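Build the full structure now, drawing on both the sequences and the hints.
Number of protein chains: 2
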Amino acid sequence: MSGGAGTRLWPLSTEAKPKQFHALGSALTMLQETGLRLCDDAGLAFAPPVIICSMRHLDEVASQLQAVSIIPSAIVLEPLARNTAAVAAIAAQIVADQFPGALALLLPADHVIQNPAAFRAVIGRAAATARKRIVTFGIEPDRPETGFGYIQRGEALDDGVFKVSRFTEKPPLALAQHYLDEGGYDWNAGIFLFAPTVMLAEMNAHRPDILKAALSALSAASREGVVIYLDHDLFAKTPSESIDVAVMEATALAAVAPCSVGWADIGSWSELWRMGPFDGAGNVTRGEVFAMDTRDSYLHADDMTIAVVGVSDLVVVASQGAVIVLPKSRSQEVKALLAGVKALRVADKP
Amino acid sequence: MSGGAGTRLWPLSTEAKPKQFHALGSALTMLQETGLRLCDDAGLAFAPPVIICSMRHLDEVASQLQAVSIIPSAIVLEPLARNTAAVAAIAAQIVADQFPGALALLLPADHVIQNPAAFRAVIGRAAATARKRIVTFGIEPDRPETGFGYIQRGEALDDGVFKVSRFTEKPPLALAQHYLDEGGYDWNAGIFLFAPTVMLAEMNAHRPDILKAALSALSAASREGVVIYLDHDLFAKTPSESIDVAVMEATALAAVAPCSVGWADIGSWSELWRMGPFDGAGNVTRGEVFAMDTRDSYLHADDMTIAVVGVSDLVVVASQGAVIVLPKSRSQEVKALLAGVKALRVADKP
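Going line by line, the protein sequences match chains A and B. Yeah, the first sequence ends on 359 if you go by the numbering used here, and it's all consecutive. Yeah, the second sequence ends on 359 if you go by the numbering used here, and it's all consecutive.
Simulated from the structure, these hints should not be mistaken for lab results. Among these hints, one or two may not hold up.
Claimed, not checked - Estimated spans, in silico, between C-beta atoms of each pair: (1) R152/A - N124/B: 56 to 64 angstroms; (2) A290/B - K26/A: 32 to 40 angstroms; (3) P57/A - D68/B: 53 to 61 angstroms.
For clarity, every value in this text was computed on a predicted model and none was experimentally measured. All C-beta atoms, glycine included, are put in the ideal place defined by N, C-alpha and C.
Shown next, in the form of C-alpha cells:
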C-alpha cells in the first residue's frame, strides 16, 4: 500500500511526493526499503510485490522499484483514494488470481522496520494461523504512546499468535500507561497476513458493498503490462472505509501476532528525531547543518544550509523552498502550518 | 563610505553583497536611501556624492545609483579594505580638488536615518563650527546600549554644538545606564562634517603616515570617467586605522553635534526586529511568512516560505540558500555561525 498522501512531514513530504518516496534515515526510500525487506529468506518464498498507489505516482513507483531491481507482479493505480478496505479487497483478489494458494501480506510502504529478519520470522510463525484467520501484527509497546490504536490479546493460538480480544481507539495518556503496565496490549501497526479466500469471505460477510464495488472497479480496469488502471467511476463509487473498521473489528477471525521488530510509523518530525542517530548533544541532523550550543533538536536541510545557535527541543526542516520551525512537542501542528501557508499563497494571488 | 563587508546580517548580507546593497525596512537599498537623504533641502546645497567602495562592488554601486537617478561626483574603488582613516584622507582630498571651499560630510552607506529632515537640519546647524573643527554627530541615546562607543559633551560652542570632552569605548551595561542617567553622553555614529583642509592638517599632525600613503594611492590612481581606481600596491601599504583612533581621539578640534534623527546602525537581526513594524504579537515579518502562536520574533524569508508555530523571541532568516535560527538575545553570534558553516563547507570538499 503506497497510497499515503501524508503531509505530516511537510515540507519534505508533499502530496506530489509523499513520505514513502523519500529516504528517512536510510539511503533508500521507504518504498524501496519495504520492497527489499520482503525478500526470500528464512524459508519464506515471497512472490514479487503488488503495489497499490495513486495514479499520479506511477512514474515515481516504477523508477524507484527499478532502481533496486524489484520487478512487481502488478502496479494497481487508484484514480482517487478510497481507504484501506477497498485496497484489501483488490489485493486479495489479485493474489488469488495470480498466486493461487498463496497468503497475502498487506502492508503500508511508509513504515520503518529496523529488524527485517525479526519481521520475516514473525510472518513465518503466523503463516499457519493465517490460513484460517486474518492475522494482524501487534507491536509490543515500549512507551505509553497515544498516537496509535491498541489491540488486546485474547486466547492463545499457535506459535505466539493470539485471538484478538478487542481493538481500542487511540487512548489518552493515562490509559496508554495502563495498557503498558498491564501488558497484553500491542500497537495496531496496520499490517495484515491472510488467505485471500478468508479476506474475501469476511468482507463479503461484513461489507459486501465495499467488496462488490472494489472488485467491479478491478474487473473493469484497463491493463498495460503490469499496470492496472482501476476504473475511475466504479472505484469512485466504492465506500471509503478502513480495513480495521470494515473487517477486523467485525470478524470473529481476527488474530494478533505480537512482535518487536523495530517498527515505526513516522507520523511526525518528533518521531523521526526519536529514531536518531544522535550527536553528543541529542541532536539529529541531516544535510548541511551547523549547530552551536543546541540540544535535542531535529535539524534537516535539503538543498540548503541550516545554521542554528542556542536552541533546544526544536524542529527545523528546510526542504523544497520552505522552512518550518517549531518545538518538537508541537510536531502535530505541521498540518495546520501547511494549511496556513496554502491560504497565504491563495491570498497572495488576486 | 560603502565599503562595509558586514556579515552580521548573514545570510542576507554576504561579502559579495553586504547590507548597504539590500533594502532593510524600505523599498530602496541602504545605499540608495543614504544618497537620497542628502538632497538639496532646507537651504543646504549638496554636491553629487563621492562613493568609496570595494572594487568588487562597482557594478552594484553604479546600477543602484542609476536606478534612483543619482549621478556621483566620483566612485573611488578600494582594491582592498584599509579602514576609515585612509578613506577620510582620500575623501578630503577629492572634495578639496572637486569642490573648493565646500565642507565634506563623511558617512557610512549602511545606516538608517528615519528622520532625514532632522538630519539635514543638524548638518546645517553644525556647518559654521565645521569650518574650523571636525564635527561628529552624536546620537542622543534612548536606552543603555552596550554596542556603541559614547561621546561625552564638553564646552558648548555655537548652535547646540559642543567640544568633545572624551570618546569612550563600548561600555558594560551598568556604565551605559550611568551615561544615560547622567546625560551629556551621545552615541558615536561615525558621521563627520569638516573642511577638507582641517581634516588634512589634523591627519598630517597625528598620522602623517596614513595621510601620505593614502594620498599617494590616490595620486597614482587610474581614472575612467567618474571611476577612480586606487593604486593597489600603494593603498596596500596604507596603515589600516579608524578615523576615530587616528584623528578624532587625538585632535583638539573634535566637536560633537548631538541630535535625534532616528538613527540606527543595524548590526544584528535583533536590531532589525526592534525597528518593526510589528504585528499584533510583536513579530516582524518580511516575505512569505506564516506564524501561529508566535511572539516577539523576527521572521525573514527571501525566495522561500517560512512557517513557524509555538516560538517566541526567535530569529529565523532564510536567504540565498541558507537558514539561520537563533534566539534574538544571541544575534551577536551570527558571525560565529557563518564561520562554522564555512568550515563545514571546506571540510565537505576533500
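Verification of the hints:
1. R152/A - N124/B: 56 to 64 angstroms: Roughly 59 angstroms apart at Cβ, these two residues keep to the hinted range, so it holds.
2. A290/B - K26/A: 32 to 40 angstroms: Cβ of A290/B to Cβ of K26/A: about 33 angstroms, so the range 32 to 40 angstroms holds.
3. P57/A - D68/B: 53 to 61 angstroms: 60 angstroms Cβ-Cβ, so the 53 to 61 angstroms window holds.
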